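A.B. asks: Take the sequences, apply the hints, and build the full model.
Number of protein chains: 2
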Amino acid sequence: MANLQTLLTQMEEHHSLFEDEIRKLPVPVCKAFVKNGKIAPSSFKITDHVLGTKDVQKVDEHFKKCAGNSGNKVLEAVQGEADHSGLRIAVLFSGGPAAGGHNVIVGIKKAIGSKNTLLGTVAGPKGLLAGEFFEVTEDAANGIINTGGFDFLGSDRTKIKTDEQFAKVKKVVKEHKLDGIIVVGGDDSNTNAAVLAELLYDDGVKVIGVPKTIDGDLQIGSILPISFGYDTATKIYSEMVGNILQDTPSSRKYWHFIKLMGRSASHVALEVALQTKPALALISEEIYEKKMSLDQIVSNIANTISLRAASGINHGVILIPEGLIEFIPEMKDMITELNEVIAKYHEDLEELQLPEKKDFVYKQFSADSAKLMASLPGEIETMLLLERDSHGNLPVSQIPTENLMIQMVEDKLHMMQKHADDRHHLGLDEAQEAKFLKFKLSTLNHFFGYEGRCGAPTLFDAAYCLNLGLLAGSLVLDGHTCYIAAITELDKGGKALALPLTGLLNIERRHGADEMVIEKALVKINSPAFQFYEERRTIWARSDHFSSPGPRQLWGPTAHQLPYTVALNQGYGSLIFNLGDPHSLT
Amino acid sequence: MANLQTLLTQMEEHHSLFEDEIRKLPVPVCKAFVKNGKIAPSSFKITDHVLGTKDVQKVDEHFKKCAGNSGNKVLEAVQGEADHSGLRIAVLFSGGPAAGGHNVIVGIKKAIGSKNTLLGTVAGPKGLLAGEFFEVTEDAANGIINTGGFDFLGSDRTKIKTDEQFAKVKKVVKEHKLDGIIVVGGDDSNTNAAVLAELLYDDGVKVIGVPKTIDGDLQIGSILPISFGYDTATKIYSEMVGNILQDTPSSRKYWHFIKLMGRSASHVALEVALQTKPALALISEEIYEKKMSLDQIVSNIANTISLRAASGINHGVILIPEGLIEFIPEMKDMITELNEVIAKYHEDLEELQLPEKKDFVYKQFSADSAKLMASLPGEIETMLLLERDSHGNLPVSQIPTENLMIQMVEDKLHMMQKHADDRHHLGLDEAQEAKFLKFKLSTLNHFFGYEGRCGAPTLFDAAYCLNLGLLAGSLVLDGHTCYIAAITELDKGGKALALPLTGLLNIERRHGADEMVIEKALVKINSPAFQFYEERRTIWARSDHFSSPGPRQLWGPTAHQLPYTVALNQGYGSLIFNLGDPHSLT
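Heads up: the protein sequence lines correspond to chains A and B, in order. Start counting the first sequence at 1; every next residue gets the next number (this note's numbering). Start counting the second sequence at 1; every next residue gets the next number (this note's numbering).
Be aware that one or more of the hints could be misleading.
The list treats identical chains as interchangeable, and a pair is accepted whether it falls inside one copy or across any two copies.
[Claimed, not checked] With a cut-off of at most 25 Å between alpha-carbon atoms, the simulated SDA-like pairs for lysine to any residue come out as follows:
#, residue 1, residue 2
1, Lys-24, His-560
2, Lys-253, Asp-389
3, Lys-159, Gly-312
4, Lys-253, Gly-120
5, Lys-253, Tyr-450
6, Lys-24, Ala-559
7, Lys-524, Tyr-288
8, Lys-358, Glu-379
9, Lys-520, Pro-329
10, Lys-357, Glu-379
Keep in mind the hints are simulated off the structure, nothing from the lab. Because the structure is a prediction, the values reported are computed rather than measured.
C.D. replies: Written as structure tokens, this is what we have:
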């Protein structure tokens, strides 16, 4: 085989030039984990913070051992070499993948060193229940550093909550002589970590959580600025959206409707909007807070498109968060009514053809819901009536939100072009009106989601995760349990905190029962990040003010950037992160 | 406003940190354009090559002046400073955008210097016909260097071919005192450049083409290794595909069917396959050459999925080129028949309902076409019968190829799981069969297209385009016309050639008439790039051998990479490009 062919064959299985080079890339490490110039495990001291929720009494009672032990006090990592040996610590990924997960493992491995054993749990909580582990060697850790994906372990979404499962965990922990479990996951997985910590407290098994989710909805003010994976995902989406924005005035004919991953919160949409400056970004939380109707949302989009057309700009980009539908109050009400009608008249409905089914449902509906349903495009209406998940509920996530918006905006624009009354509010002069009347909407739609979960981590996520891993590993070595790892002061070298999980739990009504859970963090419309967007968006709507943030760089002058939303909400003075001095780890 | 808010506002309108830094990035320049360490216009000498097509006589007759002048001989740029002043040269973008276009403009501007005038043509050939130009200043050129998009000028797809249009061009050229026109475009646009060169020959107006297209189908052996924009687009798609590949063993449940832009050729799909190593990539040209049926293609995919399932791998990625359908011989035949039937019985068909329409069409069909049509999923069949473009033809590009594949593969797998005979050919042992029978296909589909046209250029496209611009500008200054700019020896400092456009034209039957056109370059199944893919693909199909090429880097150790297909087909020894020494241009 010729030289180049041989080289290309050697690049198979994670040995692209890029993958080989990022493994050698030095990663910044916070001072708390550096001693004599070397990475070392940390000790911990209690800080002044005590975390308590509104349901503090009930939570403390439920998590008597863990809460009693921690006193809900925050710990801070300080330099100091813990000298433990012979401990066996398992790490597992839970839920959807996020960039940087591999560096969490590397961090744990570095923290516990060669005198203790790190076990990788195969394919998430399911693997914990089945007792499927393998030893993570130094070589293996060096092979995955700075790479994307969760593939080193795999992941799944099993929730450990039945007594049978608890018994299994206890048995597995004993059989495998585990001293600690580190759970890398989102809000639900960290709630689960607290449950396991309490369950295993008397067995002396320490359970520590690490905050992961690309959605960014696991964050707590200044003590947990962001979950890992959010920076990489939003930088990947921002590049794509930036590229498409750059395309719009180049080809001058399309409006792109772009749906972005993120079921619950709109942190992703907000971050991408701040990085790229599109004509419009819908933020679900604002729509909910302001009780906006579907018609108002559609009108907003149609007005934005019309005003640009009137000034000769026939292109633009609209960002739509994946979870939008459930944040529109009237849609939520209608879907609830629909689910109730279908549950109640399930058998009658089954025998009816679509037109009769439609009539039947409309008769049961409130006037508001009937009106809203009738305003929807035919195929969406049909889908709402026909599609049910295994629980008999409407799979809201399958409603093609971006297509719904496109169709309703088309209809709205058509009316505005047809009837002078319907465009009167735009206040167009004669020349503008002529341009608007000639305009014809051409649309393209996109969904950016899976592309953003497993890319190679940004330098921020790489460093953040390595430090989260160092922190989580040190916590177990130092004998702590029921904490979530957190790094703060991301612009000043990083401060490593352990937050008591019991201090984060609240009682929420879920599936008709009270549950203690970590609350999903939504976009706050009084936050600096949202307010900055609100201040600029009218300007971005009127003409092209966009920027192209470009592909994320691992080398060079642009490699050290924080998410804009994090920098704004934390009150930092710049976008540049500082998590200590770079260390070569291989 | 606080510091950070002010900073973020300053980043609007193409001033992201990335955009500001890439403007300062030094770009490699070929030796031919460097004199005394400074960039300078080149002179040209005739090389030994003469380009002639099979239709050389007819073409030379049709392009009497240009072919007579050039003798179809290739020119090579050599160091030497042309001293011309007062020339007015227009540049225009034609067709879809591609990364690097802005650097072509910068290159032209640098080549012609401040003593001549560079005019930007607004929005493509349409702008040329309307005489819409603006002067490109030094400042403007410095503002767009290394940025993506065609937005500095805009583009469109107008073809200049009627006598009325020719007269308009002559008038505009005279009014604006143009001495040269540089056309940046694909195969059709460069054919158009030849036509304009001949038209304007006696007016002394020089017309030069620059090879652009992300599809990569404008390339000619070793004398035109690739069109610009291909490297950036394929690196963007490869990152996305690599990210998704990395996701598959992380979440362990999905098969992703990914459609990639590229209507005619599969160069994009092949390049992305080589960079990422998915389970399977369909290459249209191979399907055409081997006369594969739709059923064979579907079976290939189903077999790949089955064999992986049988060894416990329930995930993977399939790449599908956008233009696939038209390369499947039996589909092409059926569509031709269908178009004929509908054209012939247009009026009869209009009065029929869908079921009767279906019956009617089936009766007119050949047995083969009827069988094929019946094998298609219902909604595709309906679409084929109903959708027509303004010429009454089926809009083939609108057939959702990836959904068609998914549905047919699902059916095929269902049959294979149901009937032992249908899976016999897989040769599974008992344990493998048990795994295969438990397998359930979960799919996701994607289309990567518009994201790749306007990203910031890779360092290769940035350098390639700057040199193409320097070359095109120098050619006009030096008094040459009817050439296309080409850079060869991309691994050895770059050689700048001018290829006589008349030497590239062939006579093709299009829309029922003979036309002289530049042939679209398709993937050759005997090319080194395809053969390398063919050699490795069975291994990639069986288990995960993928690599993640990562986001394209503008700085650091991975910034200097060529497209794999180009390096292989040109017989280079490595992927590293060398286009001379870097120069700071601002």
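A.B. asks: The structure should be examined with respect to each hint, and the outcome stated for every one.
C.D. replies: Verification of the supplied hints:
In this homomeric assembly, Lys-24 and His-560 come within 25 Å of each other (Cα to Cα) both inside a single copy, at 17 Å, and across copies, at 18 Å. Taking CA atoms no more than 25 Å apart as the test, Lys-253 paired with Asp-389 passes between copies only; the shortest distance there is 19 Å, against 39 Å inside one copy. Within a single copy, Lys-159 and Gly-312 get their C-alpha atoms only as close as 54 Å, which misses the 25 Å cut-off; across copies the closest is 23 Å, which meets it. Taking the shortest alpha-carbon separations for Lys-253 and Gly-120, only the inter-copy value of 20 Å comes in at or below 25 Å, while the best intra-copy value is 51 Å.
For the homomeric pair Lys-253 and Tyr-450, the shortest alpha-carbon distance between copies (13 Å) is at most 25 Å, but the shortest distance inside one copy (28 Å) is not. In the homo-oligomer, the alpha carbons of Lys-24 and Ala-559 lie at most 25 Å apart both inside one protomer (16 Å) and across protomers (16 Å), since each shortest distance falls under that limit. Taking the closest pair of Cα atoms, Lys-524 and Tyr-288 come within 25 Å of each other only inside a single copy of the chain (11 Å); across copies the shortest separation is 56 Å, beyond that limit. For a Cα distance limit of 25 Å, the shortest separation of Lys-358 from Glu-379 qualifies both inside one copy, at 12 Å, and across copies, at 23 Å.
Only within a single protomer do Lys-520 and Pro-329 lie at most 25 Å apart by alpha-carbon distance; the minimum there is 19 Å, versus 54 Å between protomers. In the homo-oligomer, the alpha carbons of Lys-357 and Glu-379 lie at most 25 Å apart both inside one protomer (15 Å) and across protomers (23 Å), since each shortest distance falls under that limit.
Violation of the numbered hints given earlier is absent; every hint is satisfied by the structure.
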